[in-house]
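> Protein chains in written order, with my numbering: chain A, 220 to 508; chain B, 122 to 330.
Honestly, the hints are just simulated from the structure, not real lab data.
Heads up, some of the hints might be wrong.
To be verified - One-sided excerpt, in silico: chain A residues whose CB lies under 10 Å from chain B:
hint : residue
1    : Lys221
2    : Glu228
3    : Val229
4    : Arg231
5    : Glu244
6    : Gly255
7    : Leu263
8    : Asn264
9    : Arg280
10   : Ala318
11   : Ser321
12   : Ala326
13   : Gln327
14   : Tyr489
15   : Val493
Remember, it's a predicted structure, so these values are computed and weren't measured experimentally.
C-beta: ideal position from N, C-alpha, C; glycine also.
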Amino acid sequence: MKSALSQLEVVRPRTLAQALRALHEPAGERPIPLAGGTDLFVYLNAGTPIGRRFLDLWGLRELRGIRLGPTHATLGALTTFREIREHPGLRRRFPSLVAAASEIGAAQIQNRATLGGNIANASPAGDSLPVLMAHDAVVIARSTRGERAIAFAGLFRGYRDLALEPDELIAAVRLPFAPPGAFPFFRKVGTRRAQSISKVVFSGLIHTGRGGRADLVRLAWGSVAPVTLRAAEAERAILGHVPAAAVDAARAALARDIAPIDDIRSDRAYRMAVAGNVLAQFLRAAARR
Amino acid sequence: MVDLTVNRKRRRVRVPALKRLLDVLRDECELTGTKEGCGEGECGACTVLLNGRAVNSCLVPAIHAAGARVVTVEGLGSERRLSALQRAFVELGGAQCGICTPGMLISAYELIARSKRRVPSEDEVREALAGNLCRCTGYQKIVDAVRAAAGGGRTARGRPASRRARSLGGSPRSRPALFAAAPRKASPGGSPPSARSARRPRASRGGRS
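Bound conformation, chain A alone:
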């Protein structure tokens, strides 16, 4: 570990209220929330200067638990991807979230990494984020001032820039059930199936009504722009059409929605082509079932 341990300080609240106070009126530098550590320790091990004070959330029971209500599921911020994978209700209601949870890192990461952490890390390549966006998730933020619900669509203001106040903590995620008959989909494209950071990651949700025409389309993408985003033009190209017949128009529109870059993991042309292929795969899969 390349960080100097003696210079790092950890605040260990016993209750959520204590944690929120530590964020609101920090005695010194504002502490960085620490959950499963699978992102933060990568920085600490590398000696990346991310801060010296940390707020250990791991023991806070208020941030745990998966609850299924009549219209939506609520997942505590500390819910691990393993817990998501193994939850029978989520497997039934949110198979695309379970699919994403199964492809994040590998077993060791899934046993520690949390849904709240994936959101807070705000990487444009965060694999659970397109699923949450496609399901119109709501992030429940807590602070000493109370609770605030933030629609996922408005959560990411820019590259790694969350619409959260500095003293707000992600407490839970609310996931509305998809309409009956809707088709959820998840596809991650990386160098290999496990342990890879996505080149392109996608989650879709589509529902067809009369004549097989789409009356609900949500296409959410990661790794193709500075933020996780919905492909609004591609969605418009599909709405009101039979999905399988809208493939070409949707692909053309998608090229205007996303702005992939060349980086160490892939390049713009590849990502553009693969995103189009994944979209076509989704639309054809929706038609086949």
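Based on the hints, put chain B in the right spot on chain A.
Positioned in the frame of chain A, the structure of chain B alone reads:
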């Protein structure tokens, strides 16, 4: 001060709160079987069980191990008395240079414990070990060893591995409680259905890793 249980032994260590569990095990507990590979949760060499779950100990702060049960490779067996899983690795060529082996064994152990008495399929083994990188074996021998130890194949000496799986993780008496769900014997009447494909020809296997 952090109190934890390592390989069934209670320990009290005085360490900084964010000291990595990996370093606590190696420095304070003097258990150097757990290796550091990449130091960023990619390679799995530092995998240990934390309350029965495989984790990268290079990403776990000491305070998250407080009150927890930790199992390292030293807790699976001893040099004099290898567990069935370890013997299967030896006999089927699952270990070469050895750096990845402690982590591989722990991940395999978690899978076998989680699978109860069912022999995990080849795909399940590959998925469970996807977070453990090996640059020597090409993985196939490791996969074969894990399935053999789980009772789904024969070891090099030709005896069903399941008969010897009793000592997996130590003798029953010395086995930590969290290993209570570990497999003992294959179902009477032969291998479970999922084991039948255990020895299918290499050509039919995908190149996935």
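> Confirm or reject each hint.
Evaluation of the provided hints:
| no. | hint | result |
| --- | --- | --- |
| 1 | Lys221 | holds (9 Å) |
| 2 | Glu228 | holds (8 Å) |
| 3 | Val229 | holds (4 Å) |
| 4 | Arg231 | holds (7 Å) |
| 5 | Glu244 | violated (21 Å) |
| 6 | Gly255 | holds (8 Å) |
| 7 | Leu263 | holds (7 Å) |
| 8 | Asn264 | holds (5 Å) |
| 9 | Arg280 | violated (14 Å) |
| 10 | Ala318 | violated (13 Å) |
| 11 | Ser321 | holds (8 Å) |
| 12 | Ala326 | holds (5 Å) |
| 13 | Gln327 | holds (5 Å) |
| 14 | Tyr489 | violated (21 Å) |
| 15 | Val493 | violated (19 Å) |
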